[in-house]
Amino acid sequence: MYNFDYEKAASADDAVKAAGGSDDVMFLAGGMTLIPTLKLRLTQPEKVVDVGGIGDMKGISVSGDTVTIGAATTHADVAGSDDVKKAIPALAKLASLIGDQQVRNRGTIGGSIANADPAADYPAAVVGLGATVKTNKREIAGDDFFTAMFETALEPGELITSVSFPVPEKADYQKLANPASGYAMVGVMVAKTKDGVRVGVTGAGPSAFRASAIEDALGSDFSSDAAKGVTMSSDDLNNDLHATAEYRASCISTLAARAVKAIG
Amino acid sequence: MAKHVGERMKRVEDGRFLTGRGTYTDDISKPGQTYAVFVRSPHAHAKIKSVNVDSALNVEGVVAVYTGADMAADGVGGLPCGWQVIGKGGTPMIEPAHPPLAVDTVRYVGDAVAVVIAETKNAAKDGAEALEVDYDVQPAVASAVKAMESGAPQVHDEVPGNVCYDWELGDKDAVDKAINDAHHVTTFDLVNNRLIPNAIEPRAAIGEYDPAGDNYTLTTTSQNPHVIRLLMCAFVLQIPEHKCRVVAPDVGGGFGSKIFHYAEEAVVTWASKKAGRPVKWTSDRSEAFLTDAHGRDHVTKAQLAMDKDGKFTALKVATVANMGAYLSTFASSIPTYLYATLLAGQYTTPVIYAEVKAVFTHTTPVDAYRGAGRPEATYVIERIVEIAAREMGMDPAEIRRKNFIQPDQFPYETPVALTYDTGNYQASLDRALELSDYANFEKRREESAKNGKLRGVGLSCYIEACGIAPSAVAGALGARAGLYEAAEVRFAPTGTVSVFTGSHSHGQGHETTFAQLTADRLGIPVENVDIVHGDTDRIPFGMGTYGSRSLAVGGSAIVKAIDKIIVKGKKIAAHMMEENADDVEFDDGVFSVKGTNKSLTIGEVAFQAYVPHNFPHDELEPGLDESAFYDPNNFTYPAGAYVCEVEVDPDTGECTVEKFTAVDDFGNLINPMIVEGQVHGGIAQGIGQALLEGCVYSDDGQLVTGSYMDYAMPRAEHIPDYNFDFTTTPCTHNPIGAKGCGEAGAIGTPAAVINALTDALRVAGVDNIEMPATPLKIWQALNANKQAAE
Ligand SMILES: Cc1cc2nc3c(=O)[nH]c(=O)nc-3n(C[C@H](O)[C@H](O)[C@H](O)COP(=O)(O)OP(=O)(O)OC[C@H]3O[C@@H](n4cnc5c(N)ncnc54)[C@H](O)[C@@H]3O)c2cc1C
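Sequence order for the protein chains is A and B. Each residue of the first sequence is one higher than the one before, counting from 1 in our numbering. Each residue of the second sequence is one higher than the one before, counting from 1 in our numbering.
Simulated from the structure, these hints should not be mistaken for laboratory data. Cβ coordinates follow ideal geometry from the N, Cα and C atoms, glycine included. Honestly, I wouldn't trust all of these hints.
[What the hints assert, rightly or not] Under 10 angstroms between C-beta atoms, here's a sample of chain A residues computed to sit facing chain B:
id, residue
1, 1
2, 2
3, 4
4, 40
5, 43
6, 79
7, 136
8, 137
9, 140
10, 176
11, 179
12, 180
13, 231
14, 250
15, 251
16, 253
[Said to hold, decoys possible] Below are the SDA-like pairs computed for lysine to any residue, each with C-alpha atoms no more than 20 angstroms apart in a straight line:
id, chain 1, residue 1, chain 2, residue 2
17, A, 261, B, 450
18, A, 228, B, 157
19, B, 568, B, 610
Here chain A stands alone, though its shape is the one from the complex (with noise of 0.2 angstroms):
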């Protein structure tokens, strides 16, 4: 670790001003990512913004057709939260599928999603379910809001404070595990909404996408049969040791199928 300046904000507005909107101060919610970063030395902020104690910004609540989780809610109390595995317990699903019991007592939902990494999965869950991140500043559609691999559409300093799902009328998320890491090689969230059919895919291109040939294909047909009909082209899907990409494309399939099974 290099060394860096602590701060423990008490509140948003303080974490946000601590930060300054500089690009060299980094938050900081439960570690899991930003502490083994800063140990490997593959980072050096000059001042680190602990938002892990902010009450404002833990804690879940439902109002409506609704589910509100504050950024600094770690994915345990998600996975635990009687309220989430009501109104949409793919989404409490997804939470006990993230790394271990350690993890997920620390790991936090706007750290996940602020990190963006291409494999997490609570993306599958901001595209899949249509979620709206909402920060200091703005509130930006989950549809927009990761950009690129490990890029997402929060400017230097920007923090989130909460992430709100609507209530589908039916969703579940399937992973298929890194055998190594945990993440996901690909992850499907299948939701079925008042709108129609929204199917979020994390972990097999550089960030999260909705595939909408599966969408269109269920839209028509809600059937296992009809998702796995679907063969999703491997442009642009990540390839490595452990999936290339066109067996990432025949997994997407593959899984949101399952879902769509497990949905019945």
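Once you have looked at the hints, place chain B with the ligand on chain A.
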């Protein structure tokens, strides 16, 4: 006295481990300690043009910086190899120099160029970052097969063609003739995947120099502190052995990777004198991936000949073994004497020929890793036997039965230099088939098929040579050391016992098992026995722990010392009872005299030994403290039968191990719970090798799987509940009748898993798959076949 042997006693050492009270090397701090960080090559092969140490020395907190040139100037020698293999035509292996810090050339990513020593670890890291090395990057080769091609980059000038040795064992002409005459020959080409050990505790070392007595102390994560002392003192640092103490405190797993004498141990010891301060180095996980000796990495072609009944008539094996960039401590012996000598397996194959080429590459050195050579041998045999069964249309259990060495054939001399003392292979296979409900497998296969899943079953009947090793045999085969074990058993005046053993425990539970053994032999409560290990100043001598040798060899040394204690105790008891020592008997902690009611407990005798108020000095020495060296007469031969069932999802290639049955013959068991624990871990590692773990280098020698993000370790979720049982044929030549159990799981498992997997995939026309059989590989194999069919 209650008997302890055979009891599932809870491990006494676990209290301190589970409550965080273990003392590992990194937990230890010495007064005035400094911290070492190694500057390592980012290139697989490069000439070092220059090293600018000033930039590092200028960093605040940096105390000293040393390079390979500094060590060379001090006359420091290279890291030695402990086993000389003599190749075809009597040509000895080539042993290139292995300086602890590279002098003019780096030969793998991670090869150390310099060490930065500083007041804090962070300052040492800053210094290491600031240090400037000017490299002239050279072409590199990572694959052993490619390294043998003409025009391949050369790893060492003195090893043209990169071949360290080209070695053979067995009767080539007889094998060729049998293959020629065979009814059927099964051929099988395979890769035994390279593995990275990943003990939970990374390596660490602290060097200390005391100018008052000109003494050195090295505290290190070692499986065999005496061996480290010998190698480091005699070959590397030229320190008189009595001036050096090596301590291996609690060690968090080794799996072989902590047998070897590593550069860092020599560097911190040497630097502690040079810098005048204790020097501590602790590997981080990334460094461990790069510098802990790797395992396996064979490329093999095998042929099995048989007659029309499926009786094996010959086996021919040609293996290329990757040594990495330098010869690690026991590297040369692994693909030869711990591999080719096991190729008979459990079978009566009359003639066998093996040819092994050991090759240098620009990769981390490769050496023993749990099983060491024997998993590779088992994989060759048990895969090719399974394939042969399929080709011959025979049941895989049947072909094995037909070829087993029969119980009445022991001692059995194999055509590859070993004599198995005892065994009953049929018994373990029968029990394993029963326990695994093999007879009803087809029903389970149908059930899986209904759910769209492919199910397969696979067997593996392994044998291993453990209890390493009879020194005379090892010496004749090129070992430069003896492979006995030493022990001292010391009574305190009040009747408690300390056992000093050369076997080192780093997860095996010796503090429990050895105490059970000792307590029963002496007839004293187990709480009164303390097992001491891991310190050259306290233990008389030791060759350490590896090759499943601790109980068979180390335990036998303890028994031998106990026997001496009893002989001495009889003399003391005879004196106390005014009887003749020849008339004194010892049983369950009591000395008595036949035909009298005279008796004394061993506690009373021990007390008298230390309070010898009326000992006749010319006949009886005070004290009750004996030591012994035990050198085995033969290897031990644990064997067993494993049955694995897997299920494959053809859509994604995911493979799950659904059932795993292990029936092992380890001879007599002291603590069945500990034995099962050893097998649990071994099977997990075997499943890891089969399905998950694969070390990958890029063509130019960069380690691609350099962290847990890319190197897949087995986790609890990958492992089913096991079915276990034991069959027992006691070892015939050691006093315990034990054979060893530490490696069996890792040896027998990979073939069982891949046999099951290929059985599952057969219906889809896939007959082979390389390890690790990841979902991607399985999916690709299924798909390639589908496409071919279309
Ligand atoms: C062993 C292990 C396994 C894992 N497995 C998985 C897995 O299977 N699936 C998965 O999805 N993830 C996995 N993760 C990642 C985990 O989910 C992390 O928790 C997550 O990536 C980051 O969350 P965090 O709260 O720890 O963020 P931190 O590490 O504290 O921060 C991460 C980044 O987000 C920024 N940030 C944090 N909070 C905010 C905010 N409110 N507004 C703006 N920026 C912010 C930080 O500045 C930093 O750049 C794993 C992690 C580990 C260590």
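Taking the hints in turn, this is what the structure says about them:
1. Annotation: residue 1 of chain A was flagged as interfacial toward chain B, and the flag holds, the nearest CB pair being 7 angstroms apart, inside 10 angstroms.
2. Below 10 angstroms, beta-carbon pairs count as interface contacts, and residue 2 of chain A has one with chain B at about 8 angstroms; its hint therefore holds.
3. With its C-beta approaching chain B no nearer than about 12 angstroms, residue 4 of chain A sits outside the 10 angstroms limit, and its interface hint is violated.
4. Hint status for residue 40 of chain A relative to chain B: holds, with the closest Cβ pair at about 7 angstroms, below 10 angstroms.
5. For residue 43 of chain A, the interface hint is violated, the least distance from its beta-carbon to any beta-carbon of chain B being 14 angstroms, above 10 angstroms.
6. With 10 angstroms as the threshold, the beta carbon of residue 79 of chain A stays out of range of chain B, its nearest partner Cβ sitting at about 16 angstroms, so the hint is violated.
7. Interface restraint check for residue 136 of chain A: the shortest CB-CB distance to chain B comes to about 32 angstroms, outside 10 angstroms, so the restraint is violated.
8. This hint is violated: residue 137 of chain A has a C-beta 34 angstroms from the nearest C-beta of chain B, more than the 10 angstroms allowed.
9. With 10 angstroms as the threshold, the beta carbon of residue 140 of chain A stays out of range of chain B, its nearest partner Cβ sitting at about 29 angstroms, so the hint is violated.
10. For residue 176 of chain A, the interface hint holds, the least distance from its beta-carbon to any beta-carbon of chain B being 6 angstroms, beneath 10 angstroms.
11. The criterion of a C-beta within 10 angstroms of any C-beta in chain B is met by residue 179 of chain A, whose closest approach is roughly 4 angstroms, and the hint holds.
12. A distance limit of 10 angstroms between C-beta atoms decides the matter here; for residue 180 of chain A the minimum to chain B is near 4 angstroms, and the interface restraint holds.
13. Hint status for residue 231 of chain A: violated, given a least beta-carbon distance of 13 angstroms to chain B, over 10 angstroms.
14. Interface restraint check for residue 250 of chain A: the shortest CB-CB distance to chain B comes to about 7 angstroms, inside 10 angstroms, so the restraint holds.
15. About 6 angstroms separates the beta-carbon of residue 251 of chain A from the nearest beta-carbon of chain B, less than 10 angstroms, and the hint is met.
16. A distance limit of 10 angstroms between C-beta atoms decides the matter here; for residue 253 of chain A the minimum to chain B is near 9 angstroms, and the interface restraint holds.
17. Taking the CA atoms of residue 261 of chain A and residue 450 of chain B, the gap is about 16 angstroms. The hint holds against a cut of 20 angstroms.
18. A distance of roughly 57 angstroms separates the Cα atoms of residue 228 of chain A and residue 157 of chain B; the hinted pair therefore is violated under the 20 angstroms criterion.
19. Pair hint residue 568 of chain B plus residue 610 of chain B holds up; C-alpha atoms about 13 angstroms apart against a cutoff of 20 angstroms.
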